Amino acid sequence: MKIGLKITAIVLLVYVHTAGLLMDVPRLNILNETIRALYFHVPMWFGMVLLYVGSVYYAIKYLRNPSHELDVKAEAFAHVGTAFGVLGMITGMLWANYTWGSPWHGDPKQNGAAIALLVYLAYFVLRGSLDNPEQRARLSAVYNIFAFAAMIPLIFIIPRLTSSMHPGSGGNPGFNAYDLDSRMRWVFYPAVAGWFLVGLWIADLRIRFGQIAEKLK
Amino acid sequence: MKHVITLLHKEFILELRRKSVVAGLGLYLFSLIFICYLTFSLRQQAINENTWSALFWLVILFSVVNSVAKSFIGERKGVFIYLYSVASPQHIIIAKMLYNSLLAFLLSVAGYVLFAVFIFNPVRDQLLFVVLLLLTSTGFSVSLSLISGIASKANNSNVLMAVLSFPVVISILLMAVRTTGNVLNGLERAASYDELLNLLAINCIAGALAYILFPYIWRS
Chain A
21 MKIGLKITAI
31 VLLVYVHTAG
41 LLMDVPRLNI
51 LNETIRALYF
61 HVPMWFGMVL
71 LYVGSVYYAI
81 KYLRNPSHEL
91 DVKAEAFAHV
101 GTAFGVLGMI
111 TGMLWANYTW
121 GSPWHGDPKQ
131 NGAAIALLVY
141 LAYFVLRGSL
151 DNPEQRARLS
161 AVYNIFAFAA
171 MIPLIFIIPR
181 LTSSMHPGSG
191 GNPGFNAYDL
201 DSRMRWVFYP
211 AVAGWFLVGL
221 WIADLRIRFG
231 QIAEKLK
Chain B
25 MKHVITLLHK
35 EFILELRRKS
45 VVAGLGLYLF
55 SLIFICYLTF
65 SLRQQAINEN
75 TWSALFWLVI
85 LFSVVNSVAK
95 SFIGERKGVF
105 IYLYSVASPQ
115 HIIIAKMLYN
125 SLLAFLLSVA
135 GYVLFAVFIF
145 NPVRDQLLFV
155 VLLLLTSTGF
165 SVSLSLISGI
175 ASKANNSNVL
185 MAVLSFPVVI
195 SILLMAVRTT
205 GNVLNGLERA
215 ASYDELLNLL
225 AINCIAGALA
235 YILFPYIWRS
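Going down the list, the protein sequences come from chains A and B. Basically this note's numbering = 1-based index in the first sequence + 20. Basically this note's numbering = 1-based index in the second sequence + 24.
The following block holds chain A by itself, in its conformation from the complex (with noise of 0.2 Å):
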């Protein structure tokens, strides 16, 4: 990864943190100041969901083109995307808590994203148990590609077909025209670029790790 998009990335969640807890927000009921949350939460989601779609990529060019550098390539994002997962449900539960008034709130984006991790840790349940490494690459690319496909319907279609509480589902705005104030864009979008660039980071230093684990066998 260029240093350029590190530092970017550095800039960037120094500018979030700051601006994020500092900035004038706007007085919503219920909501109040946990609305900053927003910067963190929603950002993972955005990072999870874009990490996955590269380890897909990265399981498709595998199938076409079989070499052990895709395979790393497409578990370091599946191992970032489920960390964002885990962080995305841990902010959002804490948001919870105060807005909706109890942690887990059978939510159907909350139970949603809760099966969409399911499906990457059975992935890695699948990676852990195949011993041969070029079989373990190419069924765990089969898997990635055929659960993403089954997780699409989970976070982007069941939640808007029923009343959820939040915002883009059943009848609600989406979030555009409902909260996101045009003082608010100007730290959420930052803050979603820099979120996702961390992740990339991270990733990258897994793939690193990984070759390396490979020369050195």
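Source of the hints: derived by calculation from the structure; they are not laboratory data. Fair warning: there could be bad hints in the mix.
Said to hold, decoys possible - EDC-like mimics (lysine to aspartate or glutamate), calculated; alpha carbons at most 20 Å apart, straight line: (1) A:K81 / A:E154; (2) A:K26 / A:D224; (3) A:K22 / A:D224; (4) B:K94 / B:E35; (5) A:K237 / A:E154; (6) A:K237 / A:E89; (7) B:K101 / A:E154; (8) A:K237 / A:D151; (9) B:K101 / A:E89; (10) B:K177 / A:D224; (11) B:K101 / B:E39; (12) B:K177 / A:E154.
Said to hold, decoys possible - Listed next, the stretches of chain A that the computed footprint assigns to chain B, with coverage defined by at least 3 CB atoms under 8 Å from CB atoms of chain B: (13) 142 to 149; (14) 156 to 170.
Small disclaimer: the values here were computed from a predicted structure and weren't measured. Note that CB positions come from ideal geometry on N, CA and C, so glycine has one too.
Following the hints, position chain B against chain A.
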């Protein structure tokens, strides 16, 4: 197409030759339902309709997972090698998916009848419910056929089968439970069209993916 029919024919012949497997599946289904009956000491509508739907789908899910799991798990290595040399992977997966769908549909209908006999039958719109059973059983078997192929390559296939399959079939299950809710509440048919269409779409996606991806797992 001819190859698919030949393979399908082979599945039926093999299944009829090993009647104990089918009998085992039927007995499994029966015992699950009987346990539900005994533990809830039912009969006089002791459970409400939500519980009925939850019990029903749990029973169907477990018996279908078991029946589809055996499509690749537990086959001998020699059979794989023979099939590999005589048939293309696309034909094999289509035949397996068709066969498994049929088996799963039969199991679901049998489960439904047994539920009606032992517990009770709150379903008002029978036709819609049977269509739902058909869609869910194809959905289950389409996605589980591929998962079974993956799991059969690992050492602890049975555990892996459960772990890999439940997250994948859960979207189908959610749709099924929602439609069942509509049916049990006596809503009109049009209220469930959305869910049925969704199920059909999920089936198509899963089927297409299984068709594309299966050759890669078949090679090893």
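Structure-based check of all given hints:
Among the hinted pairs, K81 of chain A with E154 of chain A is consistent with the structure: their alpha-carbon atoms are about 15 Å apart, no more than 20 Å. Between the alpha carbons of K26 of chain A and D224 of chain A the distance comes to roughly 11 Å, so the proposed pair stays at or under 20 Å and holds. Proximity of K22 of chain A to D224 of chain A is assessed by CA-CA distance (about 10 Å); at most 20 Å being required, the pair is judged to hold. Between K94 of chain B and E35 of chain B the CA atoms are separated by roughly 12 Å; this keeps the pair inside 20 Å, and the hint holds.
Distance restraint check for K237 of chain A and E154 of chain A: the Cα-Cα separation of roughly 15 Å lies within the 20 Å cut-off, and the hinted pair is therefore satisfied. With a C-alpha separation of about 14 Å, the suggested pairing of K237 of chain A with E89 of chain A holds against the 20 Å cut-off. For the suggested pair K101 of chain B and E154 of chain A, the alpha carbons sit about 19 Å apart, so the restraint of at most 20 Å is met. Simply put, K237 of chain A and D151 of chain A have alpha-carbon atoms about 15 Å apart, close enough for the 20 Å limit, and the pair holds.
Taking the CA atoms of K101 of chain B and E89 of chain A, the gap is about 30 Å. The hint is violated against a cut of 20 Å. With a CA separation close to 30 Å, the supplied pair K177 of chain B and D224 of chain A exceeds the 20 Å bound. With a C-alpha separation of about 18 Å, the suggested pairing of K101 of chain B with E39 of chain B holds against the 20 Å cut-off. At roughly 12 Å between alpha-carbon atoms, K177 of chain B and E154 of chain A fall within 20 Å of each other, so this suggested pair holds.
Here's how the stretch 142 to 149 of chain A fares: 4 of its residues keep a CB closer than 8 Å to some CB of chain B, so the rule of at least three is met and the hint holds. Counting residues of the stretch 156 to 170 of chain A whose C-beta lies closer than 8 Å to any C-beta of chain B gives 10; at least three are required, and the coverage claim holds.
Hint violations for this structure: numbers 9 and 10, all remaining hints satisfied.
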